[in-house]
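A.B. asks: Use these hints to put chains R, F and B onto chain Z, whose structure you have.
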Amino acid sequence: MTREKAETLARRGTLLTSVALVALAAVYLRALMFTPVERFQGPAQKIFYVHAPAAWSGLLAFAVTGLLSVLYLWLRDRKVDLVAAASAEVGLAFSVIMLTTGPLWGKPVWGTWWTWDARLTSTLFIFLLFVGYQVLRGAILDPETRARYSSVIGILGLVLVPFIHMTVYLFRTLHPDPVVMKPGSPALPGDMLVTLLTSFGVFTLLYLGFLAQRYALGVLRDLKEEEASRAVS
Amino acid sequence: MRDALRAAWTIAGKDLAIEWRTKTALVSSLTFAVLVLAVLYFARDPTAVGAVDIAPGALWVTFTFAAMIGLNRAFLLERENRAMDGIMLAPVSPQAVFFGKLAANLVFVGTVELVSLPLFILFYDVPIVRGLPALVGITAMATLAFVAVGTLLSSMVVRTRFAELMLPLLLLPFLVPPVVGAVQATARILADRPLSEVEGWLKLLAAFDIVFVTLSTFLFEATLEE
Amino acid sequence: MQYPDNGGYMIAAYVVAAVVVLVYAVSLFVRLRKVAR
Amino acid sequence: MPPAEPVLAAREVTRRFGHRRVLSGVSLQLVPGEALLLVGPNGAGKTTLLRVLAGLLRASGGRVERRGQVGMVAHASMLYDALTARENLRFFARLHGGASGGRVDPLLERMGLSARADERVGAFSRGMTQRLAIARALLPDPEILLLDEPLTGLDDASSEQVLAVLGELRARGRALVIASHQLAELMGVVTAVGFLTRGELRAVEPTAGRDVAAITARYREVTSRA
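Residue numbers (my numbering), protein chains in the order written: chain Z, 1 to 233; chain R, 1 to 226; chain F, 1 to 37; chain B, 1 to 226.
Possibly wrong hints are sitting among the right ones.
Quick list of in silico lysine-lysine cross-link-like pairs, DSS-like style, CA-CA up to 25 Å [claimed, not checked]: (1) Z:K5 to F:K34; (2) F:K34 to Z:K79; (3) Z:K79 to Z:K224.
Simulated from the structure, these hints should not be mistaken for laboratory data. All values reported here derive from a predicted model rather than from experimental measurement.
In isolation and in its complexed conformation, chain Z is listed as follows (with noise of 0.2 Å):
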């Protein structure tokens, strides 16, 4: 990719993020003021509006880094891995927004801070699993086997997380915990829906906005090694 179409995607990310970060201002706006409040579970109901988006976006952007990882070892094409890395980080963004709003809802509603369910389970060791595959990348300088080894992790990782969900499903069946109630599993009213939708609507776009601004700039930052390296050469 030319340096010139790496900063037309960076503007039209920035662009993107933009136009959704006023798109979440307005979910911000719609379901703290004219969301109604659930009944049983007070205003602390509406933190779902921003946790199961953030969620998705965490997942699909985890999910994202381990196809595109299969697609990397097959292609072995240098933007496939620029992507898969990208999204990698953006997802330990809407990872920590999940890790953090997850708990602050469970306390109110569930009486307790965190509870090893399968769903949480799985999401914190994505979430550390992540965390590795960043760490990883750091540690290796030549980019060609950096994209190998991360997509090794982003392969296993994508296999790893129905064992650790299957895990834990043995393990509550074993240990019936105190009854936990499933968050999203009532109907919901339609106005609740509709914050619901679009916050899952800008959540997405939040995504896509922050994956073409990072993925443009590891291009640029590729770019510019590049040059570097041939100044001295």
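C.D. replies: Relative to chain Z, chains R, F and B alone:
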């Protein structure tokens, strides 16, 4: 296929011969295992928690952490004088190399487990007679699972900076299914309960073994220099 | 109607989410600026 | 007599490390009995070219064709310090299979290592290690032999021994590629010299009828070109 097995056998034999001669990793792993077993015995409130209650967890923390020491050095050997280049120049498939390294690591970890298991029974005074074959079987299944992934990861981390820190960071998430499964099964066995109670765990362990041994075998090629 | 009084958790969660999103957005922006000169 | 088929051919080989282009458009070919000396300043890409020719590194562009087994002697010995000389050779012979097992003792003899064959390689001097590395490379009786600075760090006796072996191999119709600075010593062995600068093979010329001074002058001329 026969050539591949012979090559794997040759590589495993070479690794074990070297390990036997130097013994540094084996001695440190064993010492480490004994230390962990002893320390974990005291990591509880003796008036509230019996040793046997923490025994399954203690056993598996010991096994996995001691194994990590062995895994860390598995590819240092090949890295030292770039002996891996010599292996790759021979008509040997990457899969055969992986199986050879895996086999050597399994023997290494198996030896550590074999020595620490009687110590564990002694230290924690666990009532185990009938359950011993079952415990050995569970140990074999769980060990295969994490040593396979560990061997693959070890081949990558030796080529990175901070290799010793990197392996636990990357490997620990993959320990969750096999180790949780093994701890659950071990607890049943120590409580003298029938293994049918943990059928789900056995299936999970078996599935993990099949999936991750296969996956690691084929991903290994991508960890070699090219 | 009587709701559980847990608005504080809600505010905390919304603030945390906003801060993380904004910090990340700014970090991307700054890094892009740096590399693009 | 028809011209001999090349056993080793590189066509427009390119290799990048990240963004650094280490080899660009290198083409060469060797028929049996030819020995090519690669000369060039440090960092010209000699080691990378040898590793690509050996198949240890993937070419980023272009093709390498090999007809026959490759043996390689690199900077690193590709040997295990904890094993004895004989054990090292036996290990690699088993990986190669075929008749290479029977060559272990003759090669130890030929390289003058019989007396110390059962000592660990870790205690060997540079010269002995290098001779053993050559023995390892010769185990499969390779049609193509690649050597990276084979004389560096050797005393006169070891040097002469190695040169004698190389000359003998060429006479027996093996193709040799040698990267070295020691032009004078190798004059008796090589048949052609290739000038490698900044990843480009600027010229490949026969050595017959020329002396060291002429080739050195030519080297200066070729490598100083921008």
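A.B. asks: Now, for every hint given, state plainly whether the structure supports it.
C.D. replies: We went through each hint and held it up to the structure:
A threshold of 25 Å between alpha carbons decides the hint, and for K5 (chain Z) with K34 (chain F) the separation of about 17 Å falls inside it, so the pair holds. Between K34 (chain F) and K79 (chain Z) the alpha-carbon distance is near 21 Å, which keeps this suggested pair within the 25 Å criterion. For a cut-off of 25 Å, the pair hint linking K79 (chain Z) to K224 (chain Z) stands: about 15 Å separates their Cα positions.
In terms of the numbered hints stated before, the structure departs from none.
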